[in-house]
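Novice: Place chain B on chain A using the hints.
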Amino acid sequence: MTGFPTLLYKEVLRFWKVSFQTVAAPVLSAILYLIVFAHALASHVQAFPGVSYVQFLVPGLAMMAMLQNSFANSSSSLIQSKITGNIIFILLPPMGPAEIFAAYLIASMIRGLIVGVGVFAATVWLVPVPFLHPLWALAFAVVGTAILGVLGIVAGIWAEKFDQLAAFQNFLVMPLTFLAGVFYSMHTLPPFWQSVSKLNPFFYAIDGFRFGFFGQSDVDPWASLGFATATLAALSWTTLRLIRRGYKLRH
Amino acid sequence: MPAVQAAEVRKRFGPVRALDGVSLSVEEGEFFGLLGPNGAGKTTLISALGGLVGADSGTLSVMGHDVTRDYRAARRAVGIVPQEIVFDPFFTVRETLEIQSGYFGLRRNGEWIDELLQRLALTSKANANMRALSGGMKRRVMVAQALVHRPPVIVLDEPTAGVDVELRQTLWQFIRSLNAAGHTIVLTTHYLEEAQQLCSRIAMMKDGRIVALGSTAGLLAEFSERVLRVKLESGTLPPVLAARARPDPAGGFRIPIADVAHVEEALRELRTAGAAVASLEVGEPELEEVFVKIMRREEKVL
Numbered sequence: 001m002t003g004f005p006t007l008l009y010k011e012v013l014r015f016w017k018v019s020f021q022t023v024a025a026p027v028l029s030a031i032l033y034l035i036v037f038a039h040a041l042a043s044h045v046q047a048f049p050g051v052s053y054v055q056f057l058v059p060g061l062a063m064m065a066m067l068q069n070s071f072a073n074s075s076s077s078l079i080q081s082k083i084t085g086n087i088i089f090i091l092l093p094p095m096g097p098a099e100i101f102a103a104y105l106i107a108s109m110i111r112g113l114i115v116g117v118g119v120f121a122a123t124v125w126l127v128p129v130p131f132l133h134p135l136w137a138l139a140f141a142v143v144g145t146a147i148l149g150v151l152g153i154v155a156g157i158w159a160e161k162f163d164q165l166a167a168f169q170n171f172l173v174m175p176l177t178f179l180a181g182v183f184y185s186m187h188t189l190p191p192f193w194q195s196v197s198k199l200n201p202f203f204y205a206i207d208g209f210r211f212g213f214f215g216q217s218d219v220d221p222w223a224s225l226g227f228a229t230a231t232l233a234a235l236s237w238t239t240l241r242l243i244r245r246g247y248k249l250r251h
Numbered sequence: 001m002p003a004v005q006a007a008e009v010r011k012r013f014g015p016v017r018a019l020d021g022v023s024l025s026v027e028e029g030e031f032f033g034l035l036g037p038n039g040a041g042k043t044t045l046i047s048a049l050g051g052l053v054g055a056d057s058g059t060l061s062v063m064g065h066d067v068t069r070d071y072r073a074a075r076r077a078v079g080i081v082p083q084e085i086v087f088d089p090f091f092t093v094r095e096t097l098e099i100q101s102g103y104f105g106l107r108r109n110g111e112w113i114d115e116l117l118q119r120l121a122l123t124s125k126a127n128a129n130m131r132a133l134s135g136g137m138k139r140r141v142m143v144a145q146a147l148v149h150r151p152p153v154i155v156l157d158e159p160t161a162g163v164d165v166e167l168r169q170t171l172w173q174f175i176r177s178l179n180a181a182g183h184t185i186v187l188t189t190h191y192l193e194e195a196q197q198l199c200s201r202i203a204m205m206k207d208g209r210i211v212a213l214g215s216t217a218g219l220l221a222e223f224s225e226r227v228l229r230v231k232l233e234s235g236t237l238p239p240v241l242a243a244r245a246r247p248d249p250a251g252g253f254r255i256p257i258a259d260v261a262h263v264e265e266a267l268r269e270l271r272t273a274g275a276a277v278a279s280l281e282v283g284e285p286e287l288e289e290v291f292v293k294i295m296r297r298e299e300k301v302l
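Line by line, the protein sequences give chains A and B.
Our numbering puts the first residue of the first sequence at 1, with every later residue one more than the last.
Our numbering puts the first residue of the second sequence at 1, with every later residue one more than the last.
No lab work stands behind these hints, which were simulated from the structure alone.
Just so we're clear, the structure is a prediction, and the values are computed from it rather than from any experiment.
Glycine included, each C-beta is placed from N, C-alpha and C at the ideal position.
Heads up, some of the hints might be wrong.
Claimed, not checked - Taking lysine to any residue and the SDA-like style, the derived pairs with C-alpha atoms no more than 25 Å apart in a straight line are: (1) A:LYS17 - B:ARG201; (2) A:LYS198 - A:ARG14; (3) A:LYS82 - B:LEU133; (4) A:LYS198 - A:THR188; (5) A:LYS17 - B:ASN129; (6) A:LYS82 - A:THR188; (7) A:LYS17 - B:LEU133; (8) B:LYS138 - B:ARG119; (9) A:LYS82 - B:VAL211; (10) B:LYS293 - B:ARG268; (11) A:LYS17 - B:ARG12; (12) A:LYS161 - A:THR84; (13) A:LYS82 - B:GLU299; (14) B:LYS138 - A:ALA166; (15) A:LYS82 - B:PHE91; (16) B:LYS125 - A:THR84; (17) B:LYS138 - B:ARG201; (18) B:LYS293 - B:THR236; (19) A:LYS248 - B:ARG12; (20) A:LYS82 - A:LYS198; (21) A:LYS161 - B:LEU52; (22) A:LYS82 - B:VAL16; (23) A:LYS17 - B:ALA242; (24) A:LYS17 - B:ARG94; (25) A:LYS17 - B:PRO89; (26) B:LYS293 - B:ARG201; (27) B:LYS293 - B:VAL211; (28) B:LYS231 - B:PRO256; (29) B:LYS231 - B:SER215; (30) A:LYS161 - B:PRO256; (31) A:LYS17 - A:ALA166; (32) A:LYS82 - A:ARG244.
Stated by the list, open to error - According to the in silico footprint, chain A covers these stretches of chain B (three or more CB under 8 Å from chain A): (33) 61-73; (34) 83-93; (35) 118-124; (36) 168-177.
Chain A extracted, bound-state conformation:
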């Protein structure tokens, strides 16, 4: 654990120095989604009994922003370092694969969580939501941002060009987050799409997170937490192996 605290500090400092872009901007876009969708759809949808559509939207939008920013943090940091070449300053010191992995992961989670808190801080004035089980919400926030933080590490290591990273983001991460039930309850879908949604790990993160607020969800929160944690464990194990092998980092 020689370099881990510093690499974590550096990764946090990196996004914090440009927090207007990395924190404020995603909070603003979440608010815009909320205003537009609330206006367009408020009257004709009610996802859960006793929960208005606008209320239903808030945790989903917060989670979506958290997931996307967690992914953006590790992936963009790694690809920038690779393309500019300054990744060598991380590869030359005596840091082990687990240290590098953990530092990028935790920094991503911190950015995701800060963005999440920002979304709530900004929307609580517009739309008050209940907060019935804070621990559940926290557990899913942690696991959800971690999954995307790890995915960001994989994408950042794999991609050799910004173009490839953008493809990963636009064709995998974006569809999976959009179709994870941010804007609708899964139960409103036809049975086929319900089963497809159940293969999407992001769905469990959002559904479980919402349970933390309303005490209601599409899937039992324990099952969601189990599925999300298993996904995280499998991804982390694979990624750690990639880093240990030096995949695309050490030749």
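Specialist: The following block gives chain B in isolation, referenced to the frame of chain A:
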């Protein structure tokens, strides 16, 4: 214990044999030169030393620590200044050096950082963003980054490319004082004059192999010589000199002489033969000549 030891190190990149059985050892406290044309494998060898490249076979160690099995100790023992100028645009010079110290587990390294900044003439730029620095300054920050953990072995991969003359002198002064303080220096450079002045021992590489290895003085004695360059206005060389002389590409003749005392002897013979001398100069042995000869010899072998 050698500071750096390589034994039969091989590395292929596809069809290219970047390292084709490299063996060498650099003793502690040496100022060692690693020379060779582009693509000879110098940078690959240095990268393997720092763990950026994994060798296919062979062993490589720094201060007795194997670079793969005992990588933490090996990397603590070596500071590498890479060839390409790279930097992190998010940070200032001081932040860059503090962060680099942290990667080595050094939390309170301010005093040494201050000294590095001062020795490398960067003190006034300590709080400037990396983006705002000139190329030469960025390179000196990279030197400082490689030294934050006071490594016993310092490897410089063409550190003076693109650095102006005055700063080059500052840099060499600093590196020399580190060498005098006991640090082992491994240097690659295209400026052979620099290598001749600085390095006590030299390895030359070509196509992934070591093609010459020896003390700088030894290589100079073997492959280069002190010559008398003579241009004649009239007359011819006396037979004694003509037997040894070779045509000089710059016009005139090159006459090998063992030392400067022989200049007089040669002049006397010229005078006796009635030759009028247009110009005369003594050429000292040059590493460049050694380099060219060795590289040519290798081409013939292939």
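Novice: Would you mind marking each hint as holding or not holding in the structure?
Specialist: Cross-check of the supplied hints:
Of the supplied pair hints, the one linking LYS17 of chain A and ARG201 of chain B is violated, its CA atoms being roughly 47 Å apart against a limit of 25 Å. Restraint check for LYS198 of chain A and ARG14 of chain A: the C-alpha separation of about 35 Å exceeds 25 Å, so the hint is violated. Between the alpha carbons of LYS82 of chain A and LEU133 of chain B the distance comes to roughly 21 Å, so the proposed pair stays at or under 25 Å and holds. This hinted pair checks out: LYS198 of chain A and THR188 of chain A have alpha carbons roughly 14 Å apart, not beyond 25 Å.
Taking the CA atoms of LYS17 of chain A and ASN129 of chain B, the gap is near 12 Å; set against the 25 Å cutoff, the hint holds. About 44 Å separates the Cα atoms of LYS82 of chain A and THR188 of chain A, which puts this hinted pair outside 25 Å; it is violated. Only pairs whose Cα atoms come within 25 Å are accepted, and LYS17 of chain A paired with LEU133 of chain B is accepted, the gap being roughly 19 Å. Our distance criterion of 25 Å between C-alpha atoms is met by LYS138 of chain B and ARG119 of chain B, whose separation comes to about 15 Å.
With a C-alpha separation of about 34 Å, the suggested pair LYS82 of chain A and VAL211 of chain B falls outside the 25 Å cut-off, and the hint is violated. With a C-alpha separation of about 32 Å, the suggested pairing of LYS293 of chain B with ARG268 of chain B is violated against the 25 Å cut-off. Only pairs whose Cα atoms come within 25 Å are accepted, and LYS17 of chain A paired with ARG12 of chain B is rejected, the gap being roughly 41 Å. Between LYS161 of chain A and THR84 of chain A, the direct Cα distance comes to roughly 11 Å. Compliance with the 25 Å bound is thereby established for this hinted pair.
This hinted pair does not check out: LYS82 of chain A and GLU299 of chain B have alpha carbons roughly 37 Å apart, beyond 25 Å. Under the criterion of a C-alpha separation no larger than 25 Å, the hint pairing LYS138 of chain B with ALA166 of chain A is inconsistent with the structure, at around 30 Å. Of the supplied pair hints, the one linking LYS82 of chain A and PHE91 of chain B holds, its CA atoms being roughly 17 Å apart against a limit of 25 Å. This hinted pair checks out: LYS125 of chain B and THR84 of chain A have alpha carbons roughly 22 Å apart, not beyond 25 Å.
Distance check on the hinted pair: LYS138 of chain B and ARG201 of chain B sit about 29 Å apart at the alpha-carbon level, beyond 25 Å; violated. Between the alpha carbons of LYS293 of chain B and THR236 of chain B the distance comes to roughly 29 Å, so the proposed pair goes past 25 Å and is violated. With a C-alpha separation of about 16 Å, the suggested pair LYS248 of chain A and ARG12 of chain B falls inside the 25 Å cut-off, and the hint holds. Annotation: proposed proximity of LYS82 of chain A to LYS198 of chain A is violated, straight-line Cα distance about 35 Å (limit 25 Å).
A threshold of 25 Å between alpha carbons decides the hint, and for LYS161 of chain A with LEU52 of chain B the separation of about 20 Å falls inside it, so the pair holds. Straight-line distance between C-alpha atoms of LYS82 of chain A and VAL16 of chain B comes to about 23 Å, which keeps the hinted pair within the 25 Å bound. Note on LYS17 of chain A and ALA242 of chain B: the hinted pairing is violated, with a Cα-Cα distance of about 74 Å set against a maximum of 25 Å. A hinted pair counts as satisfied when its Cα atoms are at most 25 Å apart, and LYS17 of chain A with ARG94 of chain B qualifies at roughly 16 Å.
With a C-alpha separation of about 11 Å, the suggested pair LYS17 of chain A and PRO89 of chain B falls inside the 25 Å cut-off, and the hint holds. A distance of roughly 18 Å separates the Cα atoms of LYS293 of chain B and ARG201 of chain B; the hinted pair therefore holds under the 25 Å criterion. About 11 Å separates the Cα atoms of LYS293 of chain B and VAL211 of chain B, which keeps this hinted pair within 25 Å; it holds. Restraint check: the Cα-Cα separation between LYS231 of chain B and PRO256 of chain B comes to about 14 Å, which is no more than 25 Å; the hinted pair holds.
About 33 Å separates the Cα atoms of LYS231 of chain B and SER215 of chain B, which puts this hinted pair outside 25 Å; it is violated. Of the supplied pair hints, the one linking LYS161 of chain A and PRO256 of chain B is violated, its CA atoms being roughly 57 Å apart against a limit of 25 Å. For the proposed pair LYS17 of chain A and ALA166 of chain A, the alpha carbon gap of about 23 Å is at most 25 Å, so the pair holds. Between LYS82 of chain A and ARG244 of chain A, the direct Cα distance comes to roughly 17 Å. Compliance with the 25 Å bound is thereby established for this hinted pair.
Proximity of the region 61-73 of chain B to chain A, defined as three or more residues with a beta carbon under 8 Å from a beta carbon of that chain, is established by the 3 residues found. Counting residues of the region 83-93 of chain B whose CB lies closer than 8 Å to any CB of chain A gives 7, so the stated coverage by that chain holds, three being the minimum. Against chain A, the region 118-124 of chain B contributes 0 residues with a C-beta closer than 8 Å to a partner C-beta. That does not satisfy the three-residue criterion, and the hint is violated. Residues of the region 168-177 of chain B with a Cβ under 8 Å from some Cβ of chain A number 0, which does not satisfy the need for three, so the listed coverage is violated.
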